[in-house]
Every structure is written in C-alpha cells, then in structure tokens.
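Generate the whole structure from the sequences, applying the supplied hints.
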Amino acid sequence: MEDKAYIEDLIARYLNGNCPPTEYQELKLWLEESAEHEKVFFSVKDIWDSSRTYHDKSEDQLTLFYKNQFEKAKKSKQLWIRYSTVAAAILAVGLLITTLLPYTKTANTGQELVFSVPLGSRSTATLADGTEVHLNSGSKLSYSSDFSSINRVVYLTGEAFFDVESDSEHPFIVKTADFNVKVTGTQFNVCTYTENNYSSTTLAEGKIELQIGGSNQNFEIKPGEKFELDRQTRKYILGSADIESEIAWKDGEFIFRNIPFPELVKKLERWYDVRLNYSDEGLQRFSYTGRFKNQETIWQVLDALKLTSPIDYQKTTFREFKLIYKPLK
Amino acid sequence: MPDFDSLFRKYQQRLLLYTLKFVESESDALDIVQNIFVAVWENGKYRQEEDLVQAYLFSAVKNSCLNYIKHQKVVRKFEHDVALEIKEMEALHYQSGEKSLIEKESLKQINDAIDSLPDIYREVIFLSRFDGLKNHEIAERLNIPVRTVETRIFRGLNALKEKMSQKSFVILLFMRDLSVNVNFK
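Those protein sequences? They're chains A and B, same order as listed. In terms of my numbering, the first sequence opens at residue 1 and continues consecutively. In terms of my numbering, the second sequence opens at residue 330 and continues consecutively.
Don't read these hints as lab results, they were simulated from the structure. Just to be clear, a hint being listed does not mean it is correct.
Claimed, not checked - Derived BS3-like pairs: lysine-lysine, alpha-carbon spacing no greater than 30 Å straight-line:
no. : chain 1 : residue 1 : chain 2 : residue 2
1   : A       : K72       : B       : K374
2   : A       : K315      : B       : K402
3   : A       : K306      : A       : K322
4   : A       : K57       : A       : K322
5   : A       : K207      : A       : K250
6   : A       : K39       : A       : K67
7   : B       : K463      : A       : K306
8   : A       : K39       : B       : K463
9   : B       : K428      : B       : K374
10  : A       : K322      : B       : K490
11  : A       : K4        : B       : K374
12  : A       : K72       : B       : K492
13  : B       : K339      : A       : K250
14  : A       : K266      : A       : K306
15  : B       : K437      : A       : K266
16  : B       : K339      : B       : K399
17  : A       : K250      : A       : K306
18  : A       : K326      : A       : K267
19  : A       : K226      : A       : K175
20  : B       : K374      : A       : K57
21  : A       : K28       : B       : K339
22  : B       : K399      : A       : K72
23  : B       : K490      : A       : K28
24  : A       : K267      : A       : K140
25  : A       : K322      : B       : K437
26  : B       : K402      : A       : K57
27  : A       : K45       : A       : K72
28  : A       : K28       : B       : K374
29  : A       : K326      : A       : K306
30  : A       : K235      : A       : K182
31  : A       : K45       : B       : K490
32  : B       : K399      : A       : K322
33  : A       : K267      : B       : K437
34  : A       : K315      : B       : K492
Unchecked claim - With beta-carbon atoms standing in for the labels, derived distance ranges:
no. : chain 1 : residue 1 : chain 2 : residue 2 : range
35  : A       : P20       : B       : D357      : 23 to 31 Å
36  : B       : K433      : A       : G213      : 43 to 51 Å
37  : B       : N472      : A       : N197      : 40 to 48 Å
Keep in mind it's a predicted model, so treat the numbers as computed, not measured. Quick reminder that beta carbons are idealized off the backbone N, C-alpha and C, glycines included.
Shown next, in the form of structure tokens:
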C-alpha cells in the first residue's frame, strides 16, 4: 500500500473510476499518515475539480436570483423601486423552460430589453402578448420597453421560431438586418445569423408578409414555403420547404437533409460551441443528410461522420477539432 | 466598483465549481451559490472594491460547503460514510487559508494549461473532463489497460499542477523585480 504507483492509481480511481468503499477507507488511512500525503491528494483533486467542463448557467441563475428577490419583495409588500424594471421583465418572461435573462440597455430613444442565448444552448421566452419564442444558440432578441399586446415589434439576430398569439388588429413584426416579417397569428422560423450567406424564413402555419430591407419588395408567404435571401447579391428564392428539418432544433433535434458540408460545419459549431477547422477543398463537395438528438456528444457526431464519409478528425485544442479529407483508396 | 450583475456573471460559475468539489447534488450546489449572492445583495458587500468582494465570496463559499458537509454527516448519522469524511478533511484544508486554483486562477488559464500538456496526458484529461468518460471507458476507447489510464490521469493532473505553479512563480519573480526597482529610487 506504500507503493507510490499504487497510490497514484488509487487517487485516479477515486476521481474518475468506480471506487469501492474499501478503497475509500484505504485512501483515508493513507491521507492520515502525513500532511504531505494530504497535500498531494488535495492539490491533484483541485486540478481535477477546476478542469471540469461545466456549462455556464450564470445567466439563468441571475434571472432566478432576481425572480426570487422580486417574490420576496412582493411578500414583504415593500416598494422596491430598484426592482421595477426587473419586475416588468419577469412578467414578460413568464414561465420558462429555461429562463433567459433580459438585460436593459439605455439608448437615447428609451429602454431596450434584450434576450441573448450563448453558443451551445437554446432557450424559450414568452413575451407580454403571449407570443412564444424559441431562440437557437448564439441568437439575440430585443424589443423596446413599451412592447405590449398592441405594440408588437421585435428585433432578431440569429435564429428563432415564433408562435405568435393571434390578433388581426395588431400585427406582430420581426425586424432583422435583411428583412422585416409582418404577421397576425402564425408559427414561423426566422434564421439570420450574420456569419451565414443566406437569411431565411420558413412558415409552418398561417400567413406572413415579408418586406426586404431598404426596398419596397413585398412577398406573401404561404404555409410550407421558405423564403431565402442571398445576403450579398440580394437575390431570393421562394419555394417549398422541409418544415420538419427547419424547425426540429426547437425540440432539441438536429435534422438535416442534403445540406452542403460548410453549412453542416457551421451548424455543428453553433450547436456544440466548438470550432471545426478544415482546409481541404475536397470536403466542400459533400452534402449531408442525417438526424440526431441533442444528447449525442460532439465525439459521437464526429465518429458518425468518420464512419459514413471520407472524413477523419483530430482534436487540436480544448474545444477545437480539425477535419481531414481522407479519399477512399 | 463592480455592479451586481457583472459580479454575478463573473463569479457565479467559479463559486459553483468550487461548491461542486464538496457537494455532489447539483441543485444543492446551485442553492448554496444563490444564497451567497442573496447575502451580498442584502448586506451591500457587493459595493466594495472587487478584491474584497472576491475574498468575501470565497470565504462565504468555503463556510457554506463545510456547513453542508457537517449537515450531511448529521443526516447520515448512522452510516459510517468515509467519502464524506474525506470531503470534510478537504474542506478543512481550504478553511485553513489554502486557496483552490478556482479561486486563484481564471477558468480560461486552467483550460489553456490543459491545451499545453503533452499529448498522452492531454488525451486522457480531455476524454475524462470534456467528454465525461470514466477510466474504464477511456481504456476501451484507446485500447489500453485501465491501470495505464489511471496512471496517465494522475500524472497528467500532476503535470498540470506543475504548469499552474510555474506560472505563479513567474509572477512572484516579477513582483520582486518591481520592488527592487522601487528600492533603487
């Protein structure tokens, strides 16, 4: 038991193995032998604990913090002026699956509420008019503090799925860098990541009107249609869409049919918050079809790619991979 | 003076990681950290200089963890729980002024140090910490004996420890140089 290598392995088992109770006892006895032993173990365990990969929940937790504080303040019937903006935000947020934190930005024109979702996660918010918004990874939704059931205007960068509360008198408007979408009550998806070549909107139900920014071009989009705009040439395509795969992300699923390799890479990067580098032109020619749930790890996805196509991968740094083209011989 | 929100964003995750050293249940750990922020919110301590706030936050989290373990011991009174006793020893170790890397370094510095490890260590550290694989799963994936994985995990962590302490050593040297300069004036 005094064997150094034996103790080292025992510590590694304690940290990341299936350590039986007898071994806990053994470890404890060894620790009690000297302060030096304690030091070795605690410092190694400290490294272990500090290198744990943990999804940052601080934004959700901060929302929860204010919500609890607000509840407390309500109970004690005190008037907390400091909480007034927080209160408004919480009412707007309502019951969330994962809570989002709106932060306020003061501009000359008034206050703006912003929801943002970090890379690698997704969230849902209910707005003051009852509209439900699913926000995809790396997206931002903002609206002015006077957003209400009669003034329904929001700004979006990234991707969101809207389930808009029906009200034919007060249209709901989504403004993006490329186009504005006007609806009365429908379900639709808007995708405008700034790093993508295309911005698009896909309609699941109802009817939407779309206006391309900086022009008078108006379009009416019907259910099952997708409008796609080339950000550079400003050319557009209005055609039938694969609704299921376009909006599967909101239920934590990742479906893709015949998408080009570079697009797949971008989607995976956002979805898993990793970087995938590749330099071989040969890869550009592939297109992919597939379906998986969010539970799969990036390793499993990359292994699947490796099995089904002439691609190999290497891990380069902590959250970075290199994809290599390996033509079949 | 930092405002409350940015303080929360900056320290919440680090305090949580620290708590998870001692507290297995994630929801208990989240509660512990929330309560610490409730305390600094209510007593206004967050308005102090950031150094003071940081010291306060970490001493609060250390106390909370130790209390949690003591409470667990009471709850499991009739079971002789060795794992908990080891955790208590560890909590007391930090109570006596020792600082965890989570307190001393930013999480990014720790990740950077992992990236600079030799391949055979980085591989096992990465598979266990990023992908959450247990030792025997790593052994299967790499097609090596579990004993080898255990040895590499320990040595990898040890190498990381060396890297982190080298860095603070450089900073110390630098500070001494500074004071030398001051003396010459």
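Right, here's what the structure says about each hint:
no., hint, verdict
1, A:K72 <-> B:K374, "holds (20 Å)"
2, A:K315 <-> B:K402, "violated (43 Å)"
3, A:K306 <-> A:K322, "holds (12 Å)"
4, A:K57 <-> A:K322, "holds (28 Å)"
5, A:K207 <-> A:K250, "holds (20 Å)"
6, A:K39 <-> A:K67, "violated (42 Å)"
7, B:K463 <-> A:K306, "holds (23 Å)"
8, A:K39 <-> B:K463, "holds (24 Å)"
9, B:K428 <-> B:K374, "holds (21 Å)"
10, A:K322 <-> B:K490, "holds (28 Å)"
11, A:K4 <-> B:K374, "violated (46 Å)"
12, A:K72 <-> B:K492, "violated (46 Å)"
13, B:K339 <-> A:K250, "holds (29 Å)"
14, A:K266 <-> A:K306, "holds (17 Å)"
15, B:K437 <-> A:K266, "holds (24 Å)"
16, B:K339 <-> B:K399, "holds (29 Å)"
17, A:K250 <-> A:K306, "holds (27 Å)"
18, A:K326 <-> A:K267, "holds (22 Å)"
19, A:K226 <-> A:K175, "holds (17 Å)"
20, B:K374 <-> A:K57, "holds (23 Å)"
21, A:K28 <-> B:K339, "violated (35 Å)"
22, B:K399 <-> A:K72, "holds (29 Å)"
23, B:K490 <-> A:K28, "holds (22 Å)"
24, A:K267 <-> A:K140, "holds (17 Å)"
25, A:K322 <-> B:K437, "holds (21 Å)"
26, B:K402 <-> A:K57, "holds (29 Å)"
27, A:K45 <-> A:K72, "violated (39 Å)"
28, A:K28 <-> B:K374, "violated (38 Å)"
29, A:K326 <-> A:K306, "holds (9 Å)"
30, A:K235 <-> A:K182, "holds (20 Å)"
31, A:K45 <-> B:K490, "holds (10 Å)"
32, B:K399 <-> A:K322, "violated (47 Å)"
33, A:K267 <-> B:K437, "holds (25 Å)"
34, A:K315 <-> B:K492, "holds (21 Å)"
35, A:P20 <-> B:D357: 23 to 31 Å, "holds (25 Å)"
36, B:K433 <-> A:G213: 43 to 51 Å, "holds (49 Å)"
37, B:N472 <-> A:N197: 40 to 48 Å, "holds (42 Å)"
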